[in-house]
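A.B. asks: Starting from the known structure of chain A, fit chain B onto it as the hints suggest.
Letter by letter, the chains look like this.
2 protein chains.
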Amino acid sequence: MPSIVIAQGGGPTAVINQTLCGAIVAARQNDASLRILGARHGVRGLMAKDVVDLTQLSASDLARLGNTPNSGLGSTRDKPDPSACATILAALDALDARAFIYIGGNDTAGTLDLLSKRSTSACRFVHAPKTIDNDLVANDHVPGFISAATFVAQAFSSVDLDFRAMPGIYVGIVMGRHAGFLTAAPTAWQRTEDDAPHLVYAPERPFVVSSFVADVAAVYGRLGRCIVAMSEGVQDETGRPLAEVLAAGALERDAHGNVQLTGGDLGLEIGKALKTHFPKARARVDTLGYLPRGFLGTIDATDRAEAYAAGAFAAEQALTRSGSVVLHYDGDRTAPRLVPLDQVAGQTRHMPDSFFSSDSTVSDEGRAYFRRLLPPRPDLFTPFV
Amino acid sequence: MPSIVIAQGGGPTAVINQTLCGAIVAARQNDASLRILGARHGVRGLMAKDVVDLTQLSASDLARLGNTPNSGLGSTRDKPDPSACATILAALDALDARAFIYIGGNDTAGTLDLLSKRSTSACRFVHAPKTIDNDLVANDHVPGFISAATFVAQAFSSVDLDFRAMPGIYVGIVMGRHAGFLTAAPTAWQRTEDDAPHLVYAPERPFVVSSFVADVAAVYGRLGRCIVAMSEGVQDETGRPLAEVLAAGALERDAHGNVQLTGGDLGLEIGKALKTHFPKARARVDTLGYLPRGFLGTIDATDRAEAYAAGAFAAEQALTRSGSVVLHYDGDRTAPRLVPLDQVAGQTRHMPDSFFSSDSTVSDEGRAYFRRLLPPRPDLFTPFV
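Top line first, the protein sequences correspond to chains A and B.
Its first residue numbered 1, the first sequence is counted upward by one per residue in the numbering used here.
Its first residue numbered 1, the second sequence is counted upward by one per residue in the numbering used here.
Just chain A, with the same shape it has in the complex (with noise of 0.2 Å):
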């Protein structure tokens, strides 16, 4: 009986089950002769034919599962080399695969272009975009992101409040080890220079510890506060991601020769910095980790339809050729179209220098990005302090 497989790839979304919920309404609706197969933990599963039947998934079912965060069929970061590509090409042939749909990141696309290029029966490789970080090219953004972004939004709009009440130094270290998205889209919700973030550290920029400290003192000078969102992927000045090199216990000089970061984890190292440099301010390091990614609390419904979407349009397309699902946006309109796989495959998009207003604030066309994306702020009464 033919079939169509799907299967989840690389980090989790909040909204990642709503492509995958997408793709199975759509499939059903297109040829209700197919079995559609979930493969658990992505390529992995696949090699072991370990698939779940969805194709009698009730709309309750699909309903909960929809609104439900995190891969619901697991995921994997496999990478399968020649012989793991094999073994797949012949699990899709064995389960009389038409189409194999994962929906993942640019990993994810480039294990499917891989597979396309070896294949050489009919089924259709389609690849349905997600991820937190924003980084796929030829997307204008990627499901996943906005609410990923909204929750970093609300956290550091939250902490604004908090070092108003009781002024300080705040350092959040969002995830990112490539592209700073995720890191800037709070500045979404500034109204005034007074809000935060004050100051935004992306990967895209050299991070340089004697212009941080400075770009601190000059925020907690003239506001009694100064909040910071870092991403955990800031490199130094050749481009050596700075937790690398704490990790490995280099000696960091800044551009006058000091010493200034040595030896282990990034947050914990920044914390050192400001206790050094800013000994009586209250200053704490949070770094947010996993939470963004697929907060129960923050899922964005324009993220959720345009996950669907995603999902049902990957589905569509996989009933005649292979390609990346992208989110095209026209100036006025977000729409999911189809381009070559090897245009996303492996490849990272950052953050465009017109984005930046310097190597440590977001510019008002990077703002006006975020802004277009995010929900708008919640009405929040201004401080009497």
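Warning: the hint list may mix true and false statements.
It does not matter which identical chain is meant; a pair holds if it fits inside one copy or across any two.
Here are the computed lysine to any residue pairs in the SDA-like style, where the Cα-Cα straight-line distance is at most 20 Å [said to hold, decoys possible]:
| # | residue 1 | residue 2 |
| --- | --- | --- |
| 1 | Lys275 | Val213 |
| 2 | Lys117 | Thr87 |
| 3 | Lys275 | Leu246 |
| 4 | Lys79 | Pro167 |
If you are wondering where the hints come from, they were derived from the structure by calculation, not from laboratory data.
C.D. replies: Same frame as chain A, now just chain B:
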């Protein structure tokens, strides 16, 4: 012109401004001749007579203020000494204060107890409770706790789904120096023992590294994942906070004489211990830090209503007497009462022994308590893996 003075002390919560609003509205209704003054940054502002007139605050401003998390009047952790007490009492006299309502935790109650005992005027001193730690004695629970606890429950439920999708070990470090309520609260959402958090380490029970490693190994072996909720205030067998021991760079030995943790930050060291004992596992340690205590996206409706009611009750009581407002639960409903200030001042409520079934698990009684307070868990789909 006679006045009533209101201030906020200590760490903020998501609903502390509801208590402020409740006090303002009730004070106005009780005696329209009173000026209602807010002291900026608690007793620090009061000493400087730095007050804002709240008498004419509009209904729409009150609504926005109430829905804005974190202390709108600003806060302080200052503990007045005898000389400062004299300055504060003189300031209250100069403002013709009939009452001073101070919203805060047990330190704030302590300040009011001091002031009330030194005062020679007719001014009443009323403590309105707030704390995310839930550690005020004589209270069933404390305004601010439910919202923070819901955030923590959302976080651990989300992470549980994340680690179902990709196996591994997660440790979330939760605020709470002396009381484990906030850390244990996510057990409210456990339906089976497969649901996170699988292990709970609170300051009330000794934290032994070898036991921790054995506990994690057992859960990880059974489920392929292990989600741990750990208080930042966990203590070793001698009652010393582990974070302090680590900060001092002291040597930790487990029951078997193995050196386990040395130097540095709690989360970092827990991460190292996991790497040592589970070298092949995906392991992650996040410090939730300030996020739960005033998160814009998670403000519970019950918490909001109880916080408002506590403020309104404080203003009513302040017409005639001093004391600490506590939330009393009669087995059916929660309502505010007034108790003497010294019954609450400077004391810490701990999780009772009956809330634990072991050093790392919460009992049915404990879970039932948290389940009564928190909103029900969202109806989640059980993943296919």
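A.B. asks: The structure should be examined with respect to each hint, and the outcome stated for every one.
C.D. replies: Tested hints:
In this assembly of identical chains, the alpha carbons of Lys275 and Val213 lie at most 20 Å apart only when taken from the same copy (11 Å versus 32 Å across copies). For the identical chains of this complex, Lys117 and Thr87 are intra-copy neighbours only, at 14 Å inside a copy versus 80 Å across copies, given an alpha-carbon limit of 20 Å. Taking the shortest alpha-carbon separations for Lys275 and Leu246, both the intra-copy value of 17 Å and the inter-copy value of 17 Å come in at or below 20 Å. For a Cα distance limit of 20 Å, the shortest separation of Lys79 from Pro167 across copies, 17 Å, qualifies, whereas the shortest one inside one copy, 47 Å, does not.
The structure meets every hint from the earlier list without exception.
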